[in-house]
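Undergrad: These protein sequence lines map, in sequence, to chains A and B.
The opening residue of the first sequence carries number 5 in the working numbering; numbering runs sequentially from there.
The opening residue of the second sequence carries number 280 in the working numbering; numbering runs sequentially from there.
Quick caveat, the hints were computed from the structure, so don't treat them as lab data.
Even glycine gets a Cβ: it sits at the ideal position worked out from N, Cα and C.
There may be inaccurate statements among the hints.
To be clear about the criterion: a stretch of chain A counts as covered by chain B if any three or more of its residues have a C-beta under 8 Å from a C-beta of chain B, and this derived list gives those stretches [what the hints assert, rightly or not]: (1) 94–104; (2) 110–117; (3) 127–135.
Some chain B residues judged to face chain A by a derived CB distance under 10 Å, without partners named [as the list claims (entries may be wrong)]: (4) G412; (5) A674; (6) A682; (7) P686; (8) A687.
Ranges between beta-carbon positions, derived for each pair [as the list claims (entries may be wrong)]: (9) B:T639 <-> A:A102: 39 to 47 Å; (10) A:Q126 <-> B:T621: 49 to 57 Å; (11) B:E588 <-> A:S67: 21 to 29 Å; (12) A:Q126 <-> B:P410: 40 to 48 Å; (13) A:A54 <-> B:T342: 36 to 44 Å.
This is what each chain is made of:
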Amino acid sequence: MSTPPLPLPVFVALSAALTGVNAAQLNPPIDPIGIANQYLATLTANVSAATLSNLAQTFQSISNPNQAATVILADPVLGPVARSIMKVWLLGSWYNPATPTQAVNVVSAQAYKESLVWKIMQSHPMGYSMFTFGYWAEPPPPLNQFIQPAS
Amino acid sequence: MKPSLSHPALLSALGVGAVLLISGACSSASKTGGTSSPSTAPAPSGLPTLSSALPFDVTVPSTPPPTLASLQHDFDLMSWQTFVAMNWPVLPNGQPNPSQQPGQHGDNATVWETWKDASEIFLPNGAPPAPWGSPIAPPSFLPAACRGLFKPGMRVLSQVGKTPNVLTESIQPFNTGPLIDQNGRYARFDILVNQSMFETIVSNQLYNKQAQQGIKSVVFDCGDATKQQVGAIMVKSAWKILSPAEKQSGRFHTLEALIYTPPSTTPPIKENCERATVGLVGFHIVHKTLGAPQWVWSTFEQVDNCPTEGVPPSKASYNFYNKNTPAAPINTPPPRPWDPNTTEPPARRPQIVRIAAIDTATQQLNASWQAALRAVNPRSVWQYYELVSTQWPTAPAPACDVATSAPANMSGTPAPQFLANTCLESYIQGKVPNTSSSCIECHLNATTTSAAFSDFTYLLQRAQ
Chain A
5 MSTPPLPLPV FVALSAALTG VNAAQLNPPI DPIGIANQYL ATLTANVSAA
55 TLSNLAQTFQ SISNPNQAAT VILADPVLGP VARSIMKVWL LGSWYNPATP
105 TQAVNVVSAQ AYKESLVWKI MQSHPMGYSM FTFGYWAEPP PPLNQFIQPA
155 S
Chain B
280 MKPSLSHPAL LSALGVGAVL LISGACSSAS KTGGTSSPST APAPSGLPTL
330 SSALPFDVTV PSTPPPTLAS LQHDFDLMSW QTFVAMNWPV LPNGQPNPSQ
380 QPGQHGDNAT VWETWKDASE IFLPNGAPPA PWGSPIAPPS FLPAACRGLF
430 KPGMRVLSQV GKTPNVLTES IQPFNTGPLI DQNGRYARFD ILVNQSMFET
480 IVSNQLYNKQ AQQGIKSVVF DCGDATKQQV GAIMVKSAWK ILSPAEKQSG
530 RFHTLEALIY TPPSTTPPIK ENCERATVGL VGFHIVHKTL GAPQWVWSTF
580 EQVDNCPTEG VPPSKASYNF YNKNTPAAPI NTPPPRPWDP NTTEPPARRP
630 QIVRIAAIDT ATQQLNASWQ AALRAVNPRS VWQYYELVST QWPTAPAPAC
680 DVATSAPANM SGTPAPQFLA NTCLESYIQG KVPNTSSSCI ECHLNATTTS
730 AAFSDFTYLL QRAQ
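Let's have the full structure, built from the sequences with the hints guiding it.
TA: Given below as structure tokens:
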């Protein structure tokens with residue numbers, strides 16, 4: 005089996021650096037949803053293998069993930085791709101790197117409810133709630149209950 | 280998922296059998312507590328060991344590191360261990376019979392059938408229920424005319440739909456409705472709880488609507504291996520009225536029940552009582568444990584219920600599917616009105632199929648446990664039941680009080696994401712979040728009558 009241009013572990017590590025969310029939260033070891041795989045599949049379907057390979061090599065060539073992310077975001081080719089990765093994690097929607105302000109689609113029903121923006125705002129997506137009835141009468145749980153920061 | 284070792288222990292939940300006495304053992308018996316050690320049937324080579332001991336929690340081997348698949352297997356195993364222990368032959372005092380094995384005589388009265396029925400707990404005017412172990416008195420709603428048919432120990436089945444009264448005009452969020460079998464008779468449902476859960480309800484007066492006003496949150500006890508405590512268990516069973524041929528088939532666990540239909544004006548339904556032999560077709564076991572404070576949700580079905588979508592039907596007949604009308608719309612309740620007293624014509628019998636196939640690994644586990652049950656007696660009824668799956672929290676709350684310890688992820692990210700029993704969630708099978716059946720995601724919305732979180736049970740809504 006050939007190595008994918010952007011292997012899942014690299015994609016997750018890069019995503020953690022870009023979003024600031026811990027890799028273990030993005031891709032838990034016991035994962036019944038598989039959202040990371042869904043997002044990677046979306047990326048692979050929409051970005052050339054050459055670009056994804058370049059992305060992987062650039063990220064892995066710099067030992068500090070945050071520095072690697074900074075370099076990637078500044079790159080004229082890799083930067084837009086990285087921002088699409090950030091958007092898919094945060095919003096559950098795919099934005100083509102070439103048209104950064106136009107969402108193409110919500111990746112899936114799972115992506116809709118798992119998108120990080122709701123957790124960052126300590127809330128829930130419209131039409132789906134992981135809280136119990138009557139939650140609106142109480143302050144939301146603290147942010148650290150929702151988001152584990154990238155180490 | 281933190282590894283958790285559990286130790287088999289004596290099942291000590293007591294209830295009332297057809298008769299008698301309460302032995303008084305509590306549900307947190309030690310290994311050597313109660314009246315006898317757990318009964319264990321020696322296993323033929325390669326087959327699982329049958330035991331009357333309820334697991335305290337899931338058992339996860341410490342090596343190798345667990346995976347989603349291995350944990351699913353561990354929880355499926357727990358489901359089977361629980362199924363066998365709960366269906367162990369029962370003594371008159373509610374204890375498992377140490378001198379018998381499940382199905383040794385074909386069928387047997389079971390331990391769980393001595394537990395408390397919802398109708399015995401939630402009484403008119405919020406009256407306190409009789410203590411654990413009291414003889415089963417007729418349910419409070421039974422009119423005098425039906426009492427003449429009632430025998431001590433008899434089950435009374437009245438619930439006809441997933442919601443307490445599907446015949447009311449209240450609009451339900453899901454397209455639930457009655458389940459009608461291929462004989463045209465309505466299936467009936469029943470909910471029971473074990474002693475641990477019962478005692479929590481009683482000690483907090485949760486059977487009383489007024490008393491519920493002062494309750495901010497409900498926390499049932501967790502199964503805990505270190506405390507040798509079984510924890511809270513609730514059971515939902517689905518039954519069909521058996522034809523003479525089905526009674527003779529030996530493929531169902533049966534009991535004599537009083538089938539009661541309460542009266543209604545809209546639609547017009549006559550009050551009716553009848554005695555019938557019913558067969559178990561669906562069985563939910565829900566067990567709260569320290570390793571799974573969002574509870575472990577196990578569901579079993581009788582093997583003849585229905586085919587799986589996309590798989591050619593292989594059986595001669597099914598309980599809830601007509602092979603002669605393969606083009607009939609599937610998983611659609613019949614048009615109203617629904618009258619449980621009616622024997623519905625073929626056109627009004629829902630065509631039920633299983634949407635999500637049972638996983639291959641679960642099927643393999645089923646085969647081994649069915650073989651173990653068959654080894655006790657080739658005519659054992661218990662070999663005709665199969666585990667559909669087990670839903671469990673992959674990110675369990677760190678403590679038994681889920682609302683306090685895991686407020687931002689109270690569902691615990693369940694696996695599998697969706698789970699449905701074709702008898703009990705017939706019409707909401709699928710894979711659409713927030714719409715298709717997921718035990719934990721639905722029950723997360725359960726509250727008391729005063730809108731406090733009720734720890735994943737809707738039962739407390741029945742308080743009067």
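Undergrad: Lying within 49 to 57 Å: is that true of the beta-carbon distance Q126 (chain A) to T621 (chain B)?
TA: Holds: the Cβ-Cβ distance is about 52 Å, inside 49 to 57 Å.
Undergrad: Less than 10 Å between beta-carbons is the criterion; does A674 (chain B) satisfy it with respect to chain A?
TA: Result: holds, 7 Å to nearest chain A Cβ.
Undergrad: So the hint says 40 to 48 Å: do the beta-carbon atoms of Q126 (chain A) and P410 (chain B) match that?
TA: Given range 40 to 48 Å: holds, Cβ gap about 45 Å.
Undergrad: Please check whether T639 (chain B) and A102 (chain A) have a Cβ separation lying inside 39 to 47 Å.
TA: For T639 (chain B) and A102 (chain A) the Cβ distance comes to about 43 Å; the hint holds.
Undergrad: Using the nearest Cβ pair, does A682 (chain B) come within less than 10 Å of chain A?
TA: holds, 6 Å
Undergrad: With chain A as the partner, please determine if A687 (chain B) meets the hint condition of a C-beta pair closer than 10 Å.
TA: With a closest approach of 4 Å, the A687 (chain B) hint holds.
Undergrad: Minimum Cβ distance from G412 (chain B) to chain A below 10 Å?
TA: Because about 33 Å separates G412 (chain B) from the closest Cβ in chain A, which is outside the 10 Å limit, the hint is violated.
Undergrad: Count the residues of the stretch 127–135 of chain A whose Cβ falls closer than 8 Å to any Cβ of chain B, and tell me whether that reaches three.
TA: The restraint on the stretch 127–135 of chain A holds, since 4 of its residues have a Cβ under 8 Å from chain B and three suffice.
Undergrad: At a Cβ distance under 8 Å, does chain B reach at least three residues of the stretch 110–117 of chain A?
TA: Satisfied; 4 residues make the cut.
Undergrad: Holds or violated: is the Cβ of P686 (chain B) closer than 10 Å to a Cβ in chain A?
TA: Constraint on P686 (chain B) satisfied, holds at 4 Å.
Undergrad: Taking 8 Å as the Cβ threshold, is the statement that the stretch 94–104 of chain A is covered by chain B upheld or broken by the three-residue rule?
TA: violated (count 0)
Undergrad: Is it true that E588 (chain B) and S67 (chain A) lie within 21 to 29 Å of each other by Cβ?
TA: Roughly 51 Å apart at Cβ, these two residues miss the hinted range, so it is violated.
This entry does not satisfy hints 1, 4, 11, going by the numbered hints stated previously.
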